[in-house]
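Residue numbers (the numbering used here), protein chains in the order written: chain D, 1 to 378; chain F, 1 to 378; chain H, 1 to 378; chain Z, 1 to 378.
Quick caveat, the hints were computed from the structure, so don't treat them as lab data.
Be a bit skeptical, because a hint or two may be false.
Where chains are identical, the list cannot tell them apart; a pair therefore holds if satisfied intra-copy or between any two copies.
Below, computed lysine-lysine pairings styled on DSS-like, alpha-carbon distance capped at 25 Å [claimed, not checked]:
no.	residue 1	residue 2
1	Lys201	Lys5
2	Lys3	Lys64
3	Lys3	Lys352
4	Lys3	Lys249
5	Lys3	Lys140
6	Lys201	Lys3
7	Lys302	Lys5
8	Lys120	Lys57
9	Lys139	Lys64
10	Lys352	Lys167
11	Lys201	Lys140
12	Lys3	Lys139
13	Lys5	Lys249
14	Lys120	Lys3
15	Lys201	Lys57
16	Lys352	Lys5
17	Lys139	Lys123
18	Lys64	Lys5
19	Lys140	Lys97
20	Lys123	Lys3
21	Lys5	Lys123
4 protein chains.
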Amino acid sequence: MRKRKELRHTYGFDDVALVPGDVTINPEQTDVSLTIGEHKLELPILASAMDGVVDPKFAVALGKMGGLAVLNLDGVQTRYENPDEVLQAISEASPEKVTSIIQQAYEEPVKEKLVGQRIKAIKDGGVVCAASVTPANTKKMAPIAIEAGLDILVVASTVTTARHISKSYRGLIFSELCEQISVPVIVGNCVSYSAAMELMKTGIAGFLVGVGPGAACTTREVLGVGVPQVSATMDCAAARDDYLDETGKYVTLITDGGLRTGGDICKSFASGADGVMMGSPFARTAEGPGRGCHWGMATPDKNLPRGTRIRVGIGVDLDHLLFGPTSMTDGTENLVGALKTCMGVCGARNIKEMHNTEVVVAMSIKTEGKLWQLAGLH
Amino acid sequence: MRKRKELRHTYGFDDVALVPGDVTINPEQTDVSLTIGEHKLELPILASAMDGVVDPKFAVALGKMGGLAVLNLDGVQTRYENPDEVLQAISEASPEKVTSIIQQAYEEPVKEKLVGQRIKAIKDGGVVCAASVTPANTKKMAPIAIEAGLDILVVASTVTTARHISKSYRGLIFSELCEQISVPVIVGNCVSYSAAMELMKTGIAGFLVGVGPGAACTTREVLGVGVPQVSATMDCAAARDDYLDETGKYVTLITDGGLRTGGDICKSFASGADGVMMGSPFARTAEGPGRGCHWGMATPDKNLPRGTRIRVGIGVDLDHLLFGPTSMTDGTENLVGALKTCMGVCGARNIKEMHNTEVVVAMSIKTEGKLWQLAGLH
Amino acid sequence: MRKRKELRHTYGFDDVALVPGDVTINPEQTDVSLTIGEHKLELPILASAMDGVVDPKFAVALGKMGGLAVLNLDGVQTRYENPDEVLQAISEASPEKVTSIIQQAYEEPVKEKLVGQRIKAIKDGGVVCAASVTPANTKKMAPIAIEAGLDILVVASTVTTARHISKSYRGLIFSELCEQISVPVIVGNCVSYSAAMELMKTGIAGFLVGVGPGAACTTREVLGVGVPQVSATMDCAAARDDYLDETGKYVTLITDGGLRTGGDICKSFASGADGVMMGSPFARTAEGPGRGCHWGMATPDKNLPRGTRIRVGIGVDLDHLLFGPTSMTDGTENLVGALKTCMGVCGARNIKEMHNTEVVVAMSIKTEGKLWQLAGLH
Amino acid sequence: MRKRKELRHTYGFDDVALVPGDVTINPEQTDVSLTIGEHKLELPILASAMDGVVDPKFAVALGKMGGLAVLNLDGVQTRYENPDEVLQAISEASPEKVTSIIQQAYEEPVKEKLVGQRIKAIKDGGVVCAASVTPANTKKMAPIAIEAGLDILVVASTVTTARHISKSYRGLIFSELCEQISVPVIVGNCVSYSAAMELMKTGIAGFLVGVGPGAACTTREVLGVGVPQVSATMDCAAARDDYLDETGKYVTLITDGGLRTGGDICKSFASGADGVMMGSPFARTAEGPGRGCHWGMATPDKNLPRGTRIRVGIGVDLDHLLFGPTSMTDGTENLVGALKTCMGVCGARNIKEMHNTEVVVAMSIKTEGKLWQLAGLH
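Throw the hints in and build the complete structure from the sequences for me.
Written out as structure tokens, the structure reads:
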């Protein structure tokens, strides 16, 4: 008889907890900066390239506070001269009709001149400018965006690998892309050691980790695909560290999707992330373009939409979301304060030291929390 | 002191997730065909031999789209000249009375002439015809069905083994059956390596995997018996592969029961299935005979009914269920599109390559999903 | 640093499932009899010594059907000439007051003459008579009961060990008891290998397994004590088998408490039980004395009641509970039919062969079931 | 490829159960006393230094019954001449406003003369007096409190380590503190073997175990930090035992936070605790100052409050909470009776013997309990 396959166990944010360190540090003396290529960001926090989360105005606001917003060059900002109308329509649609309204809205083609306009609007705000394209339209869009002043290029789809097989078109070769263009390239998303390793070998500056974890994403129900974020981050961080040992090059790992609270952010860094990318928390800010709603890149898919519009409401200023002060005790505000306080109790002076924090599986924490939330008791 | 028994852990669809591959493939270039005996089906999807799921009209419709419906030769179609009346009565019964109404409906004896008529109706539609019998009535029914043009014979009960002990009657000997009849035989259900191995040695063409997992089945509550589908499929797939190594014969493994979404289908193939058999999703189609209801083979049992009528409603055309497009983001529609997209991100060109996809245990995914469903938030 | 303790995992009915066998058997050819001392019972099912479950009338009814009811000699039947009044009062009490009403009802002293009367009433019915006493009143009550015709003596408390330490009184010595009296002695409850082994060495005929699992019991919340029934039964069955190997004596293991469905019964036998003892299912019968209510032995405790009155309603005749036929598909009726059908699919001709059935951990089965029950969808 | 990190599993009260012993003991013959420095307490139960739990009157009441209340010297009792007004305001605040009202209330500075007054009030009651300070104000407050008659000094914050790094001020050196002052010092909180070991080496008399487990605490959501109490207690108990082996000194381990029932208390001692500290259960007493409310030390934090006001209601006299009798069957009353009964069934004559009780993981116990609570069925 064949040996029975042992299935590996994987863990998400709600499955784990962090163990305090043997030394504690004054939170004010922790350093949370993040470097991507030559750009040093004060905060290790990125805003997702989702149309309900980032528009040029939001990108400038977040940039001035030390973070980095990624503009979606394949969304409503580059399809519509005046995207506010369509954003309004999506936010007002009934739950039954919203997916088809979103599907329809994204049938309008992308306009090249709008790509340049949006990039310039961000650069004019005096901040680092990042924008995302899909693998399929990278060759066309990337040069236009760089011409307009783009600082960091993000190439992203649900799952992106260094090798793509297709008979109908020639896939994007990342190693060629990285050689040809002048700005750092971030690629995603991936979740495994081997996929991350292959991507790093193409010369990218960073990569996004996360398939199927976000609130606005139903990839795991539709496709069955997805790895919980703590395990995905740990596996990819192992690849990053091995690649550093082999080559001397440090590639930035950004955990992307599924983060809701300060606790989730802290757990990402303890799992090995250099930065985190979030959608829902930013969609809740007064500065966000989504009018309290957001949805994912795969939602408009004509044949097989994954994810739907999530209504999160408008609950906080961006400034208070990041730095407080707050009266909320559920971890949803003062995210930077939470990270620094956590680093204090874990004895980590910077993000790299935070990677050494012990992570334990603590199932009970999760189930209880979820159940109480459900019962409206927490 | 005796060594304490270590209990083996088993997993179902909601316990696991799939890890994307290191290569991605254009979904349009994936091949999802399934071969049973000399019959090649375009789709690896079978409809369960349940009276709320398959009648001759449905069998023709599914066959024309590339799938295979199995007609129940021990159900209302062969007991009643006009089965629509009894199907109507079952669909209209109150929850309290429905089991006794079903018990009563199945006391009407099976008519041999109806067996031939139903088979012919399917063959006249120009599609491959499969039908199911119980082990006890195989000797009587199989010849009539084959005479009428049956292509594939399914012999099924809750649990079927190659060896059955009874003092009152001589059990069905599968090896004799396979030698005597001219069409491929599929037998089920089983869930363990050893039971699958013994069944394959009798010369069958395929077998059904699954005891106690379906929504319309309560075998696990009534008898305590059942193995979650991912583990059952993996164990039986190990038997199939060992049997292939020993004999050079490839026997088709069909995961049967408990599948609801595209994600469940993808997980079945990643666990080693060659095909999947489903009830509930087809019962929801406009083409299904059950008027939005379905129930299992063990429900009519006079003394110990297992399973009950499940009201699933009528929600989708068969065509959209299989191929989309859809606005649903919960995985319940465009099942073939989901499978092909999943194979794309897992880098599998065909079902056999899909068997190599990594499966991980991801408890959190499940509990969260269930809880949100419960709370009506998803 | 000390080695970290590895905590052993334990499992209950809802955590596990049974794997069908490689052989199947006609259910009618299975033997489910149970032997205690020289008494052979047709059914391996005992009714708990709880006042809402067993009175003399019920004991006769169950005995005639092949099972064995245990009368509580420390309860209302021996405290009150006419126990019906107090049973009525308990069944009618409001949830807030019921525990104090029960506490008060049990302050009435036990009358010795009623002990004899109740035993005789059962013997007059022509069935095997079993009755339970607490360790503290065994010396006083046992002779009276035996004098009146008792066949089997049960000595039970929440936790009973062969060694009890007390400065204020001399504990019951089981080895002396077994030597002095003429009837087989069953002792309980215990849950571990070592405690079971020590009890067996005193010469008892059988023992009860189960601490803290029952619906009417809150020992686990009040004291933190309890072992889930599947693990408790497996551990104690290992002790029974070792004791048999060492001494040639086979001591009967009865899993007591926490069983609700046919599936639970089947899982108990697969875990190694020779018999099962149940409260709630019998309390639901028309023949039960509790008027649809039941409560445990520790409920009347004046200072620290554990467990409370559970209202189960009156839902079924004893005959249908045991043998069907039934229209219920949730496993709560036709318990003997379920056991025989399960033994058929597991290929077990008798209870001893049933001990060899494979048990697997199947968490998903449980959570789903519980959640659907909660949601009222099942 | 790097070896994948194996994440350690950790367990909380609801994840585990206790196994009864092979010997049972008369509960009245168990000894539950606790020694801290030269003070011997009849009960191993402390009340948390929370403003809704302990005021001088409550401290005297609990002391007279054998327990030990810890007064918070950094809370409303030392900030306000008449703390009743502010306690009333907090208890009456709406859920939306309560955190900001608490934040505001704690901006009033601590008055040194009130420190002395409160200590004296407790000493005048004739009981052992314990009070807590934060690491930052220890140097200032400790001498005043000791001068006023303090018996035991508690120095506590969310996470306290022997080494604290700060550029802005010189941290508290515990070894210096222990040498300089005349009373035993208890420090907390910690959760790991190594942190506990470092703290013990400074000469402390005892330490508090628990980060993030309490009902009034949301450290795990805000910071992601926390270890379930059973695992935290076991790890720290291993450190205590190793330290005893190395030095001959026995340091008292007090499990602090997250305990609600008698079962939780019993599990703490089985995990290795010498004493337990509780908030919520005492906040529910008629003697508690919180008017049925309580909140944690980190709730008033101006920028990042963790925890919130929990409304527990007033449900029981302190006397009945500790010693019963009770009609409650959910483990929330007669806590000392539950502990003694549990020690009886576990065969432990004193707390030290209770450390040897076997603890098993029993997930089902927890989920069921939680789900039934949710459903309002328990």
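Can you give me the call for Lys139 and Lys64, within, between, both or neither, at a CA distance of at most 25 Å? neither (30 Å within a copy, 41 Å between copies)
Identical-chain pair category, Lys64 with Lys5, by Cα at 25 Å: neither (51 Å within a copy, 38 Å between copies)
Alpha-carbon proximity context of Lys3 and Lys249, limit 25 Å: So Lys3 and Lys249 pass the 25 Å test across copies only (21 Å; inside, 39 Å).
How would you classify Lys3 and Lys352 at a CA-CA limit of 25 Å: within, between, both, or neither? Answer is between: at 19 Å across copies they meet the 25 Å cutoff, but 40 Å inside does not.
Since the copies are identical, ignore which copy is meant and state whether Lys123 and Lys3 lie within 25 Å (CA to CA) inside a copy, between copies, both or neither. Neither: 58 Å inside a chain and 43 Å across chains, both beyond 25 Å.
With identical chains, the pair Lys3 and Lys139 could be close in the same copy or across copies; at 25 Å between alpha carbons, which is it: within, between, both, or neither? Intra 47 Å, inter 38 Å, cutoff 25 Å: neither.
Between copies, within a copy, both or neither: which fits Lys3 and Lys64 at Cα up to 25 Å? Classified as neither; 57 Å inside a copy, 40 Å across copies.
If the cut is 25 Å between Cα atoms, do Lys3 and Lys140 qualify within a copy, between copies, both or neither? Answer is neither: 50 Å inside a copy and 41 Å across each miss the 25 Å cutoff.
25 Å Cα cut-off: does Lys201 pair with Lys57 within a copy, between copies, both or neither? neither (35 Å within a copy, 55 Å between copies)
State whether the alpha carbon distance between Lys352 and Lys167 is at most 25 Å within one copy, between copies, both, or neither. For Lys352 and Lys167, only the inter-copy Cα distance (20 Å) is at most 25 Å; the intra-copy one is 43 Å.
Reference check for the pair Lys139 and Lys123, CA-CA at most 25 Å: within, between, both, or neither? within (22 Å within a copy, 52 Å between copies)
Reference check for the pair Lys201 and Lys5, CA-CA at most 25 Å: within, between, both, or neither? between (30 Å within a copy, 23 Å between copies)
Of the numbered hints given earlier, the model fails hints 2, 5, 7, 9, 12, 14, 15, 18, 19, 20, 21; all others are met.
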